[in-house]
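There are 4 protein chains.
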Amino acid sequence: MIVAEFSWPVRVYYEDTDSGGVVYYANYLKFMERARTEWLRARGVEQDVLAREHGLIFAVRSLQMEYLKPARFNQLLSVSVKVMASGKASLSFEQTVNLITNKGTEGEASGALLCQGQVKIACLDAVTLKPRAMPVHVREEILRDS
Amino acid sequence: MIVAEFSWPVRVYYEDTDSGGVVYYANYLKFMERARTEWLRARGVEQDVLAREHGLIFAVRSLQMEYLKPARFNQLLSVSVKVMASGKASLSFEQTVNLITNKGTEGEASGALLCQGQVKIACLDAVTLKPRAMPVHVREEILRDS
Amino acid sequence: MIVAEFSWPVRVYYEDTDSGGVVYYANYLKFMERARTEWLRARGVEQDVLAREHGLIFAVRSLQMEYLKPARFNQLLSVSVKVMASGKASLSFEQTVNLITNKGTEGEASGALLCQGQVKIACLDAVTLKPRAMPVHVREEILRDS
Amino acid sequence: MIVAEFSWPVRVYYEDTDSGGVVYYANYLKFMERARTEWLRARGVEQDVLAREHGLIFAVRSLQMEYLKPARFNQLLSVSVKVMASGKASLSFEQTVNLITNKGTEGEASGALLCQGQVKIACLDAVTLKPRAMPVHVREEILRDS
Numbered sequence: 001m002i003v004a005e006f007s008w009p010v011r012v013y014y015e016d017t018d019s020g021g022v023v024y025y026a027n028y029l030k031f032m033e034r035a036r037t038e039w040l041r042a043r044g045v046e047q048d049v050l051a052r053e054h055g056l057i058f059a060v061r062s063l064q065m066e067y068l069k070p071a072r073f074n075q076l077l078s079v080s081v082k083v084m085a086s087g088k089a090s091l092s093f094e095q096t097v098n099l100i101t102n103k104g105t106e107g108e109a110s111g112a113l114l115c116q117g118q119v120k121i122a123c124l125d126a127v128t129l130k131p132r133a134m135p136v137h138v139r140e141e142i143l144r145d146s
Numbered sequence: 147m148i149v150a151e152f153s154w155p156v157r158v159y160y161e162d163t164d165s166g167g168v169v170y171y172a173n174y175l176k177f178m179e180r181a182r183t184e185w186l187r188a189r190g191v192e193q194d195v196l197a198r199e200h201g202l203i204f205a206v207r208s209l210q211m212e213y214l215k216p217a218r219f220n221q222l223l224s225v226s227v228k229v230m231a232s233g234k235a236s237l238s239f240e241q242t243v244n245l246i247t248n249k250g251t252e253g254e255a256s257g258a259l260l261c262q263g264q265v266k267i268a269c270l271d272a273v274t275l276k277p278r279a280m281p282v283h284v285r286e287e288i289l290r291d292s
Numbered sequence: 293m294i295v296a297e298f299s300w301p302v303r304v305y306y307e308d309t310d311s312g313g314v315v316y317y318a319n320y321l322k323f324m325e326r327a328r329t330e331w332l333r334a335r336g337v338e339q340d341v342l343a344r345e346h347g348l349i350f351a352v353r354s355l356q357m358e359y360l361k362p363a364r365f366n367q368l369l370s371v372s373v374k375v376m377a378s379g380k381a382s383l384s385f386e387q388t389v390n391l392i393t394n395k396g397t398e399g400e401a402s403g404a405l406l407c408q409g410q411v412k413i414a415c416l417d418a419v420t421l422k423p424r425a426m427p428v429h430v431r432e433e434i435l436r437d438s
Numbered sequence: 439m440i441v442a443e444f445s446w447p448v449r450v451y452y453e454d455t456d457s458g459g460v461v462y463y464a465n466y467l468k469f470m471e472r473a474r475t476e477w478l479r480a481r482g483v484e485q486d487v488l489a490r491e492h493g494l495i496f497a498v499r500s501l502q503m504e505y506l507k508p509a510r511f512n513q514l515l516s517v518s519v520k521v522m523a524s525g526k527a528s529l530s531f532e533q534t535v536n537l538i539t540n541k542g543t544e545g546e547a548s549g550a551l552l553c554q555g556q557v558k559i560a561c562l563d564a565v566t567l568k569p570r571a572m573p574v575h576v577r578e579e580i581l582r583d584s
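Chains as they are written, first to last, in the working numbering: chain D, 1 to 146; chain R, 147 to 292; chain H, 293 to 438; chain P, 439 to 584.
Only chain D is shown next, with the shape it has when bound in the complex (with noise of 0.2 Å):
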């Protein structure tokens, strides 16, 4: 199964660059899951629903990431999501991260692929932290487009 592509854009602050003048490595993952988030809200899934409501969240039990080319200080970048499997109680994303455009002289050309990951999620039980089925209803929305 593999669902309709999203994408989230994501501006590279000082916040997200390290002293060797690009993006730091594990702020990809931030990244990242800021586009799985607006994914979900984008099919009316609202995390904080969910665990007020459902007593649910979402958490990362595995992720693989390639690092191919740096981001930099104030570039755009493009953060795209795609389901590539889902269970009761879990699913797995492929995402990479593009950069949109380099108006400036140093960096990679526009569109490049900076990074990609694989990041499997569990959904828990909020108190337990053990899995749990995910509502009908939010599997519907999760994968309606597939």
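Read the hints as simulated data drawn from the structure, not as lab findings. There's no promise every hint is true.
To be verified - Under 10 Å between C-beta atoms, here's a sample of chain H residues computed to sit facing chain D: (1) E307; (2) T309; (3) V315.
Fair warning: this is a prediction, and the values are worked out from it, not measured in the lab. Think of the CB as a built atom: it goes at the ideal place given N, C-alpha and C, for glycine as much as any other residue.
Given the structure of chain D, go ahead and fit chains R, H and P onto it with the hints provided.
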């Protein structure tokens, strides 16, 4: 001198919160810097260009923060930027963080003022980190609304 | 009331710096909180126990920061903690960040004062987030050096 | 080749947690980098000296993470570093994060394995960001235990 107000939306993601259930206090400084960066961009000033072509960076010299009410996961905030004073190599801002809308059952009312700060910025030589006057066209852009 | 000074070492890692080559301004707030946490621990106050057994958390109410000189990647800093005032549900700290030793050719001299801050903390009910008095044994521990 | 193991203690502060009550997933990457930096330092390799005198920086090329159990506020963790392979301009690490002691009533047992990762590092020219061989004395230091 008080110039027209500018504001920038900021969404609260997991990365911004702490285990107290609210936005971590240092992260409001990130939100405020994002808003100042976008305020500069709206005036045509790109900080990567300023660094590359003029060898200039902006750095925070001092700040005061007052934390009134907490922001929570998934809320949408509005961060304002207002120039209160400016010199050849300095800028003083007043900034606020307000809750845009609260659709949940907990947290503050829509529009509530969550925190406010005064931030004093210096314009520095990117290599020596000593104060240096902003280029005239940058000062004019920054102050054109006043 | 001024109690004896406490200090805590903090190493600057890549995560703490930005592409300006120096420690990102919000991160000094993290360093200062680490030092306050260790100061509490040195007095026998563990904040997770305080939350679990007393339903109390500490939160920053206001702060002032002055950034004097930049810290850089790989430097070792010393963060001080001094109580300046205290109430039933509040504590005011004065904190400094100094460079311990600089073995490099750039950056400030060993011992240089890099930044200083005043931080006002409130003791809050962990659920309602309203001010609540600290338990007597905690106040006594905190103030025993004064 | 498998060299002797090294480990580095990491305390969980508020800055590291999120509103799910546990350490935010990207922050384990910070913990692992701190441990790699200290492992290098223990072998006499200071990365700021390497950058200044040799124009070399280390950058993460790829990683895999498995998140097994959550770490919580105020816990003390131990982060291990083990070199699994090395080339002229690359190093592969296996790293784990374990809970040292849990004195609380919630959370995992003392010693529990919380997460593990494989991290591949490249040695890059600090200006061009292209791969460049490590100096011989650095390679020898890094591999002297093998």
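How the hints compare with the structure:
About 6 Å separates the beta-carbon of H:E307 from the nearest beta-carbon of chain D, less than 10 Å, and the hint is met. Hint on H:T309 holds. Least Cβ distance to chain D is approximately 4 Å, under the 10 Å limit. For the restraint placing H:V315 at the interface with chain D, the shortest Cβ-Cβ distance is roughly 9 Å, inside the 10 Å limit, so the hint holds.
Hint compliance for this structure: every hint is met.
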